[in-house]
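Heads up: the sequence lines are chains L and U, in that order. Quick note: the first sequence uses the numbering used here, first residue 1, plus one each step. Quick note: the second sequence uses the numbering used here, first residue 1, plus one each step.
These are computed hints drawn from the structure, not numbers from a lab. Where a beta carbon is used, it is the ideal one built from N, C-alpha and C, also for glycine. The reader is advised that the hints may include incorrect statements.
To be verified - Only pairs whose alpha carbons sit at most 25 Å apart, straight line, appear in this in silico BS3-like list of lysine-lysine:
{"hint": "1", "chain 1": "L", "residue 1": "K209", "chain 2": "U", "residue 2": "K260"}
{"hint": "2", "chain 1": "U", "residue 1": "K85", "chain 2": "L", "residue 2": "K263"}
{"hint": "3", "chain 1": "U", "residue 1": "K32", "chain 2": "U", "residue 2": "K172"}
{"hint": "4", "chain 1": "L", "residue 1": "K209", "chain 2": "U", "residue 2": "K172"}
{"hint": "5", "chain 1": "L", "residue 1": "K252", "chain 2": "U", "residue 2": "K85"}
{"hint": "6", "chain 1": "U", "residue 1": "K122", "chain 2": "U", "residue 2": "K85"}
Said to hold, decoys possible - Computed spacing ranges between beta-carbons, pair by pair:
{"hint": "7", "chain 1": "U", "residue 1": "K73", "chain 2": "L", "residue 2": "K38", "range": "27 to 35 Å"}
{"hint": "8", "chain 1": "U", "residue 1": "N101", "chain 2": "L", "residue 2": "G101", "range": "52 to 60 Å"}
{"hint": "9", "chain 1": "L", "residue 1": "F117", "chain 2": "U", "residue 2": "N101", "range": "17 to 25 Å"}
{"hint": "10", "chain 1": "U", "residue 1": "S154", "chain 2": "L", "residue 2": "R28", "range": "41 to 49 Å"}
To be verified - Incomplete in silico selection of chain L near chain U, CB under 10 Å:
{"hint": "11", "residue": "V129"}
{"hint": "12", "residue": "E203"}
{"hint": "13", "residue": "I254"}
{"hint": "14", "residue": "L258"}
{"hint": "15", "residue": "L265"}
{"hint": "16", "residue": "P272"}
{"hint": "17", "residue": "D273"}
{"hint": "18", "residue": "G307"}
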Amino acid sequence: MLVKRRVREGEGEEMIRLEDVKMHFTVRKGLFKTTTMKAVDGVSLKIGKGEILALVGESGSGKTTLGRLTLRLLQPTSGRILFENQDITNLHEAKLKMFRGRVQAVFQDPYSSIDPFMNIYQIVEEPLVIHRIGDEKERREHVYKTLEDVRLTPPQDYAEKYPHMLSGGQRQRVGIARALVLNPEYIMADEPVSMIDASSRVEILQLLKRLQETHNIAFLYITHDIATARYFSDRVSVMYRGRVVESGPSEKVIEKPLHSYTKQLIAAVPEPDPSNRFRERSVVETGSFDEDDADLVEVEPDHFVAGFKK
Amino acid sequence: MPMLEVRDLKLQYSSARGVVKAVDNVSFDIEKGEVLGIVGESGSGKTSLSLALMRVLPKNVHAYEGQVTLDGKEISSLPDEAFRKQVRWRQISMVFQGAQNSLNPVLKVGFQAAEPMLVRSKTDRREARKRVEDLFELVGLPREIYDRYPHELSGGMKQRVGVASALVLDPKLIILDEPTSALDVSIQAQIMNLLKRLKRELGLSMIFITHDIALSSDICDHLAVLYAGEVVEKGSAEQIFGNPKHPYTQLLLASVPRLKSDTDPKYIPGAPPDLTSPPPGCRFHPRCPYRFEPCDHKVPPQVKVDEGQTAKCWLNVESEKVKAKK
């Protein structure tokens with residue numbers, strides 16, 4: 001298997017911890033009425049240094065909101081966010097700037113998340129310019145090295161190109177280089193491969209995996225595809241309607257899922273098999289379980305399941 | 001006799017960089033009630049192929065050739081106006097990639113689905129509404145959806161509207177271009193089940209276009225694997241998944257992350273070629289781990305490797321020779 005747990009520098013130390021975080025949005029309905037949308041409704045989780053946590057769920061489950069909370073791009077309604085054991089929940093923007101240099105994001109759509117009028121060099125250099133790091137020569141060296149890190153080699157060939165000249169996978173590598181150039185310790189990757197061809201997905205995930213190993217970067221890998229989570233993450237948290245319903249080491253959760261939602265999510269993944277066409281695909285029957293508000297129970301060491309009765 | 005016969009279909013665009021050979025001598029057949037999967041990476045010409053079949057062509061077409069026969073009648077020789085009136089949507093319709101975004105946000109979805117009937121067959125409004133409501137029911141939507149606007153529907157519901165509008169004129173063939181690519185796995189599963197049901201109950205023929213070879217096994221009876229504008233392998237689902245003969249097909253299958261087995265997924269290094277100047281010889285040779293002497297300068301022929309299965313690869317030519325000697 002691609003993911004082999006090995007002892008890493010700083011292993012066991014916490015990078016990011018969320019404690020009972022809630023994020024409620026007020027949504028206007030008509031002219032006067034408002035309702036509350038509970039995008040994230042009481043989630044606790046932690047990401048260790050150099051660890052990859054996969055956050056799996058369907059659209060609308062609150063996984064993107066949760067990802068934004070880990071970057072403190074949103075201020076939670078309640079609960080605490082800690083970065084290296086320091087409470088950053090209510091930190092002011094000015095003080096967050098130090099933190100912002102150490103965390104980065106990779107987004108889903110490499111076609112819209114990078115500026116089409118900038119060339120690859122400018123795109124990757126920009127964060128260094130914004131954070132006023134290095135002089136021109138130092139920046140050039142660092143940008144080239146980063147392009148090599150994401151295997152856009154030789155970097156000279158790519159530096160002058162524009163995004164439209166690259167394939168989807170190459171563009172996403174530019175997005176990763178841009179996140180990587182500030183030497184972050186944590187990267188939130190929100191569906192980084194879902195818009196990329198199936199044949200190149202594994203390449204991007206292996207690249208991220210290698211960066212985790214060589215640069216000791218912690219990742220939150222947000223995805224609706226539980227099959228890739230198995231190969232790419234140390235731990236998995238499954239989200240449903242704003243809450244985590246199951247979490248634990250990836251092999252345990254995926255090979256021995258305990259929550260019915262996780263089981264259904266796994267059963268819905270297509271495997272290449274020509275006999276598939278003679279039977280119905282199994283679908284997720286939402287509403288077939290009413291454990292929404294149940295607390296997480298530690299069923300076996302480090303494996304938590306909502307509302308599990310022993 | 002196959003329902004649809006496509007022979008040497010070619011579509012080329014002119015661009016600032018030269019002629020783009022998007023679809024290059026593509027041939028295949030589809031039997032009635034059968035689903036043909038067209039699998040390939042982005043830039044392999046999948047979408048161009050569907051546009052060529054629907055004859056929805058951009059302005060910069062450089063060449064558009066080939067023979068397409070539907071139910072024994074050659075439709076490729078029809079003039080544009082006759083094709084529009086007789087074939088497009090009436091006999092061949094299409095569900096677009098991201099049907100979510102192909103709906104007009106300021107028109108009711110029911111009207112949008114009914115439009116081809118109102119425009120093309122001058123159906124009376126009440127009758128059209130009834131037909132669309134019936135189809136909504138068939139695809140698993142409540143009839144009341146007719147008066148809703150696209151923003152009021154979820155992604156999966158919009159895709160169902162897309163399927164219903166493709167059915168509205170009772171076509172013989174539906175082209176589905178990545179119909180589930182923007183959807184969650186569980187919504188994808190629901191849409192796939194809907195398509196299977198339509199195939200079974202209405203005996204519809206379909207072309208299912210996707211980059212996801214695992215997904216194609218969900219519905220396709222036959223597959224054509226497209227690389228750089230060419231069909232590199234064709235065969236039944238059993239042959240393609242059980243005994244793929246082209247290295248590209250084998251690598252595509254190996255790139256699928258499996259939940260139920262322990263083999264590591266592998267990626268295909270490199271990227272598909274620029275279609276203005278595809279590599280000489282076999283177009284896949286720069287990325288192929290098995291390339292040998294003839295691959296980089298001689299174009300491989302389509303070799304019959306099994307009953308109903310062909311592969312465009314020199315390896316198969318060699319193994320045929322070995323067989324012949326024995």
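Going through the hints against the structure:
In summary, the hint linking L/K209 to U/K260 is supported, as the alpha carbons are separated by about 22 Å, within the 25 Å threshold. For the proposed pair U/K85 and L/K263, the alpha carbon gap of about 49 Å is over 25 Å, so the pair is violated. About 8 Å separates the Cα atoms of U/K32 and U/K172, which keeps this hinted pair within 25 Å; it holds. Of the pairs offered as hints, the one joining L/K209 and U/K172 is violated, with about 47 Å between alpha carbons and a cut-off of 25 Å exceeded.
Under the criterion of a C-alpha separation no larger than 25 Å, the hint pairing L/K252 with U/K85 is inconsistent with the structure, at around 58 Å. Distance check on the hinted pair: U/K122 and U/K85 sit about 12 Å apart at the alpha-carbon level, within 25 Å; holds. Roughly 58 Å separates the CB atoms of U/K73 and L/K38, a value that falls outside the hinted 27 to 35 Å. Between U/N101 and L/G101 the beta carbons are some 36 Å apart, a value that contradicts the proposed interval 52 to 60 Å.
In this structure the hint that L/F117 and U/N101 lie 17 to 25 Å apart at CB holds, the actual value being about 23 Å. For the pair U/S154 and L/R28, the beta carbons lie near 20 Å from each other, so the given range of 41 to 49 Å is not met. Violation of the interface hint for L/V129 is found here, the shortest Cβ-Cβ separation to chain U being roughly 29 Å, above the 10 Å cut-off. This hint holds: L/E203 has a C-beta 4 Å from the nearest C-beta of chain U, less than the 10 Å allowed.
Checking L/I254 against chain U by beta carbon gives a least distance of about 7 Å; that is within 10 Å, so the hint holds. Taking 10 Å as the C-beta contact cut-off toward chain U, the hint placing L/L258 at the interface is violated, the least distance being around 16 Å. Proximity of L/L265 to chain U holds as hinted, the smallest CB-CB distance being about 7 Å (cut-off 10 Å). Taken as an interface hint, L/P272 checks out: its beta carbon lies about 4 Å from the nearest beta carbon of chain U, inside 10 Å.
Nearest Cβ of chain U to the Cβ of L/D273: about 5 Å, under the 10 Å cut. The hint holds. Residue-level restraint check for L/G307 is violated (minimum Cβ-Cβ distance to chain U is 20 Å; threshold 10 Å).
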